[in-house]
Amino acid sequence: MPRPGESPRASLIGHDGLVKAYLIALDGSEVDASQEAAVRLFNEGKLLWLDLFDPDDETLARLSGFLGIHPLATKDAQQFGQRPKIEDYDGFTQIVAYGVQSITEPLVEVHCFYSQHYLVTVRKSDCAAFADVRELLTRHVIKHPSRLMLLHRLLGELTDGFFPVLSDFDERIDTTQDAILAKPTDQQLADLFQMKRWLIMVRKVVTPQRDMIASLVSGVTELPGMTREIERYFRDLYDHLIRISDLVDSYRDLLSGALDSYLSVVSNRLNQVTKQLTIIATIFLPLSFLTGFFGQNFGWMVHRLTSLPVFLVLGIGTELAAVTGLLLLFRRRGWF
Amino acid sequence: MPRPGESPRASLIGHDGLVKAYLIALDGSEVDASQEAAVRLFNEGKLLWLDLFDPDDETLARLSGFLGIHPLATKDAQQFGQRPKIEDYDGFTQIVAYGVQSITEPLVEVHCFYSQHYLVTVRKSDCAAFADVRELLTRHVIKHPSRLMLLHRLLGELTDGFFPVLSDFDERIDTTQDAILAKPTDQQLADLFQMKRWLIMVRKVVTPQRDMIASLVSGVTELPGMTREIERYFRDLYDHLIRISDLVDSYRDLLSGALDSYLSVVSNRLNQVTKQLTIIATIFLPLSFLTGFFGQNFGWMVHRLTSLPVFLVLGIGTELAAVTGLLLLFRRRGWF
Amino acid sequence: MPRPGESPRASLIGHDGLVKAYLIALDGSEVDASQEAAVRLFNEGKLLWLDLFDPDDETLARLSGFLGIHPLATKDAQQFGQRPKIEDYDGFTQIVAYGVQSITEPLVEVHCFYSQHYLVTVRKSDCAAFADVRELLTRHVIKHPSRLMLLHRLLGELTDGFFPVLSDFDERIDTTQDAILAKPTDQQLADLFQMKRWLIMVRKVVTPQRDMIASLVSGVTELPGMTREIERYFRDLYDHLIRISDLVDSYRDLLSGALDSYLSVVSNRLNQVTKQLTIIATIFLPLSFLTGFFGQNFGWMVHRLTSLPVFLVLGIGTELAAVTGLLLLFRRRGWF
Amino acid sequence: MPRPGESPRASLIGHDGLVKAYLIALDGSEVDASQEAAVRLFNEGKLLWLDLFDPDDETLARLSGFLGIHPLATKDAQQFGQRPKIEDYDGFTQIVAYGVQSITEPLVEVHCFYSQHYLVTVRKSDCAAFADVRELLTRHVIKHPSRLMLLHRLLGELTDGFFPVLSDFDERIDTTQDAILAKPTDQQLADLFQMKRWLIMVRKVVTPQRDMIASLVSGVTELPGMTREIERYFRDLYDHLIRISDLVDSYRDLLSGALDSYLSVVSNRLNQVTKQLTIIATIFLPLSFLTGFFGQNFGWMVHRLTSLPVFLVLGIGTELAAVTGLLLLFRRRGWF
Amino acid sequence: MPRPGESPRASLIGHDGLVKAYLIALDGSEVDASQEAAVRLFNEGKLLWLDLFDPDDETLARLSGFLGIHPLATKDAQQFGQRPKIEDYDGFTQIVAYGVQSITEPLVEVHCFYSQHYLVTVRKSDCAAFADVRELLTRHVIKHPSRLMLLHRLLGELTDGFFPVLSDFDERIDTTQDAILAKPTDQQLADLFQMKRWLIMVRKVVTPQRDMIASLVSGVTELPGMTREIERYFRDLYDHLIRISDLVDSYRDLLSGALDSYLSVVSNRLNQVTKQLTIIATIFLPLSFLTGFFGQNFGWMVHRLTSLPVFLVLGIGTELAAVTGLLLLFRRRGWF
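Residue numbers (this note's numbering), protein chains in the order written: chain A, 2 to 337; chain B, 2 to 337; chain C, 2 to 337; chain D, 2 to 337; chain E, 2 to 337.
Check each hint, because a few of them may be wrong.
Claimed, not checked - Straight-line Cα separation of at most 27 Å, DSS-like style, residue types lysine-lysine; simulated pairs:
{"hint": "1", "chain 1": "A", "residue 1": "K205", "chain 2": "B", "residue 2": "K86"}
{"hint": "2", "chain 1": "A", "residue 1": "K205", "chain 2": "E", "residue 2": "K86"}
{"hint": "3", "chain 1": "D", "residue 1": "K184", "chain 2": "B", "residue 2": "K276"}
{"hint": "4", "chain 1": "E", "residue 1": "K184", "chain 2": "E", "residue 2": "K125"}
{"hint": "5", "chain 1": "D", "residue 1": "K125", "chain 2": "C", "residue 2": "K205"}
{"hint": "6", "chain 1": "D", "residue 1": "K86", "chain 2": "C", "residue 2": "K184"}
{"hint": "7", "chain 1": "C", "residue 1": "K86", "chain 2": "D", "residue 2": "K21"}
{"hint": "8", "chain 1": "C", "residue 1": "K76", "chain 2": "C", "residue 2": "K276"}
{"hint": "9", "chain 1": "E", "residue 1": "K86", "chain 2": "E", "residue 2": "K21"}
{"hint": "10", "chain 1": "E", "residue 1": "K76", "chain 2": "E", "residue 2": "K205"}
{"hint": "11", "chain 1": "C", "residue 1": "K76", "chain 2": "C", "residue 2": "K125"}
{"hint": "12", "chain 1": "B", "residue 1": "K205", "chain 2": "A", "residue 2": "K205"}
{"hint": "13", "chain 1": "D", "residue 1": "K21", "chain 2": "D", "residue 2": "K184"}
{"hint": "14", "chain 1": "D", "residue 1": "K205", "chain 2": "D", "residue 2": "K125"}
{"hint": "15", "chain 1": "B", "residue 1": "K86", "chain 2": "C", "residue 2": "K205"}
{"hint": "16", "chain 1": "E", "residue 1": "K184", "chain 2": "D", "residue 2": "K184"}
{"hint": "17", "chain 1": "E", "residue 1": "K184", "chain 2": "C", "residue 2": "K276"}
{"hint": "18", "chain 1": "C", "residue 1": "K47", "chain 2": "C", "residue 2": "K21"}
Please keep in mind that the hints were generated in silico from the structure rather than gathered at the bench.
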């Protein structure tokens, strides 16, 4: 790495006091993230991790200049919306990775600049993984970590954060499917569509994130400081990403299954409702015809409908006969 | 393999008497699975197979330390929920494989640690394959087996266990499909969704399990003790896994076909029901209109509806004419 | 190939006279398939082809021992249900291939053991391909064939047997599709499901069969006796298998198209039926209301409905006006 | 190429005057396609192109013998129904390619035998590409072409012939889609199915045709006479085939989209029709009930329905109230 | 590159004053695009960029001759409708790329001819990317650019132009999906079909455009003037194209999800409408039957329906009982 100039410029971080940053020294202790502290640590070779939260473009540009980060990589960190990728530059490696907070929040994009002399991370939203790793460091659970193991830990926490969220998602598919079978509503369709959208978004970052780690593990991309032992840990991380990627594919299948069953349930319900309508109409339309028939004002007929037996046979009997016949017909069709 | 220290610690297995384990010596005989026995066998180089059933984390950790198993591999065996994989470590190989008991039970995850000095398996649920292999050993059907052939046998039994379960699954698809054609219900949809879920789960383990054995057969991963003859047996195992994987793909197709036909059957039924409704309405609505017409209280009309011929022509005749016309219409449309 | 022992054991084939077998000498003549004949031919180096029909396990095991066939290969031939594959052993090659008889019969699995000294085939059901090849040999259409060319011929006949059956299948798809367009029934759905199942089964064997021949043609697997000229014939066979595989994929597409159109046709019919119902109801419900209205027993109204003009205007006129209005409405909607 | 015997046999082409053939000399001039002419041109090394139209098997066999074409290649040309392929033989190359005439006609299969000494084409149906190339030759637009450039031209014309036909197909999809949106009929379903079938057929030849040219361009298969300049022309041809293949894939997508929208349109229509039915029934069934109520023969009631106010309130008022209430209900549901 | 002849012919560009062209010198300044200027700049080695807008075939041919562009490449630029591709010729490289203006306009095809001595672009429609790059050049934002960096800039602007348009598309999918859930219409189906068509078109150019840049980045195709630093910029461009390609795939998924939910929404609506119809019919058909019954002219019955209690019990009571019973039934079925 071309070591940047010796004279650190003023106001490196948070020139107007607005940039939130965490600064960790090589021994794991957290240092107040002022510009001087970062410069001093870097110059002494003791800079472990500088974590920038939503820095303004100017700060980022100055910092990049100071640390020798390529303008293209800096531009990515300013624009965000990148795919997970690992890009080898002279003197440092750019890594873009994603984490997740919950089903309802957008994914957390993290830009890492890793070199033998520092690990810088840039992000625009909060993610539990960061606080967790920071805590592990300050509680000295991880003792004297190398910058590469720290990078692994961070990527690992980001990745493992997907498991509980996907587990929630899994449950939500099941809940929705059960709800559909119980009573299909338009709201469920909107939910399914939204879930599909979320899953597509997750898939769009998980697949390249997996491939990025694969390129590390297979040795296509090399990181300084990588040993066989550390590679094993990255291999483990790779394994987790494959599992996540498999999960996402499964949910995709289940979601489309849920949509299909929605249609089927609705059709089946429609069938039952229509069958009831048909039964009602099949019973009462003939009966109404009969009553209508004897309600006609044909003099000849009216004069012959006066006695009780006639009423019992024609008024009651025909109706009963019709109903009986129809019920027999329905039973033969297996409708009851 | 770095041979672990000479002084075996106390209470290696089942320190509180709760860990179930099976211990098999190199000559195939089953030894009471106490800690001393395992240590003694291992030190004498006579440890063939140690099968741990749901060990607590501490026991597993101590055992791993004793046998020189890497913490990452131990952590996997403590957490479970891994993908089938084969991972080469110094001195031992970690293999994660899956078996199946029945359609209704979850899959059986098995972690194997194989080295030239031992075969250790860890699992959390029971699976017929284990008892079968143990019986073969103690009945001396397999005489003086090498640890690798034992591993093959175990993986083979786990794998072949899928065939009868998948055969049940096949039959269940057919039964469901027949039931759908006979009478579609919501319950069938729930069944199909559950079957899909099960199949996705099986697929998620069968594909990597197949690829894992493929990497063994193709020589990408090497196991100590592998000979050309033993490789042939693994190739046979690979073949079985391809068949299982093909079966799973077929069932996936058939399941989606069953779901599609559900919708079609329901629609067809709806069609028939609606057609009947239409026929009934088409016959009786006009007839009711006619009876209603002659039931009106128009004096002029009522005075002219008094004679028998009028009744026969207008009261009976028009109705018969209407029915006849409609029946002719229906016949022309091929509805009878 | 390690030549097996000199002392042929008794009752090699059909030890109890039940095993059906065909024995062909190197000059193409058919020899009575007794055990002595087979042994004599083999020892004289004149054994061309031994075709076993559903042998019992014992016969097969003894034969394998005699010919030096590996137990794994023998086990496959005893169990059947294998995938098409080619497996290279010391001294012989195991080939599993499939043929077809008709759409309604199960596929014909054939196990071939090919070496420079013999071609042995094992099968459990009959297939025209075998009789055809035998006839070609005995009629000396194929003169002094090499064992490899015989193997090619056999695989070729098995493969080409798929063409007429798939052609029948093609026609059956068309017939079903036409029948669906004419009048959709539940039976067609059952047919489509069964056809799908058959196609999946065929696909499961055709793809690996194609790949198996591909491995022969590309030189991944080598057969003794292969020359550039014979390879050309296998390349031709490979070509046929690709065509079959393409056909199967096409039919898969067409079948799913047929299922989709089933649903569409049914829905369209339902639409028409419902439209008719709607027309009927839209015409007669208003008319019935009108007749009902004038059938009410309001004294004031009844007293004013006595004259002919009133009857013509209110009794006939309103009804005609209603019908006319509705017909105009329907025409404007394009329902006639 | 092994030059065939010097003594040309009699009746090479059209031994009974029935075989239609075109014979082009090296200078581009068309020669009367008699047997003597072909033999003479070939012996003089001036045979550019021999185009055979549906030759009988015997003629083809004799010709093949004369030109040194392998029996396997000849058999393919006799049977037809081959996949597009390029096959390298000693002394010549066999190329099977397809052209198209229109959506309603079957594809045109062309077998080419190319060597440094001739280009022979065999086909069984007519295709504009042939006449076009012949005209270009005789009009000397292509001057002194090499046999390879001629082959390229021919394949190019066959390939480019797909563009206008696919463009027609594209338009037909649009027309059908528009027609479906206007008014779905069963005929459209039959059309879509037929179009799908056609597309599958085209796809089955375009993909291997593309791969065949790819193997030429990538140098996997070599043709004698190929130069870097000519290769550029084949690369252009390859490009066209990729575009055709892309188009076919797009149409596949659009066709399935059209089928899906068919179902959706039909369902939507059904919805509207059913809604109208429901409106009619919801209005007139209550009204009919009311008229029926006051048409009952309860003496007590009839005696109280005599005055005008009663008629206005109960006879007209209740009906108006019911209609008003229902209209308000419909408006609130947004049905108007 | 074979330097063309020294004597520039007359009327190189716009021989009749109709061809619109932009001519940029090496220092970034825009020069009046006359033929003399272009020739002079080229001869002086100061030609940076010549941008031709819809040139006629003759102009293009003359220009190609002058600059040494191969006829095949010229023909492509005359015909248009090419796939994105990069083709290496002697002395220059042909690049076909696509840009986009809006969802409603066709894609913008751009043909670039790049060499160490010039960059020529040909296009037939306008695209903001061109004006943007020109402005950057003339405003000297890009100072002394190399021709390769200019090519990168141009391809980058064309590519980045997809982002806002796809973002519009994304929003349109959401809008349509919301509209479908609110009220499905035929128009939405037409929209979805059109959107699908647009997406297929975009996909057809984005995928090869991405692969084209991939071949540049991976070094399969080499451009003169490429340095490691510039390659980094092309890698960035490649990244953008992957993102676009991923987006297109996502939208494809979402579109098909929208179509599926259309069908589901329609079916659900149908269900509700039919349920209402059934409720109405189930309530009023029995009631009408009752009123019809007591409207019959059976003398015996009529004589017994005279008193008030009879009216209350039979006339009102039975009706109320029927309504109450039906309402209870509906409540038990959960229809209210």
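Checklist entry - Broken hints, numbered, in rising order? => result Violated hints: 4, 5, 6, 7, 8 and 13; rest satisfied.
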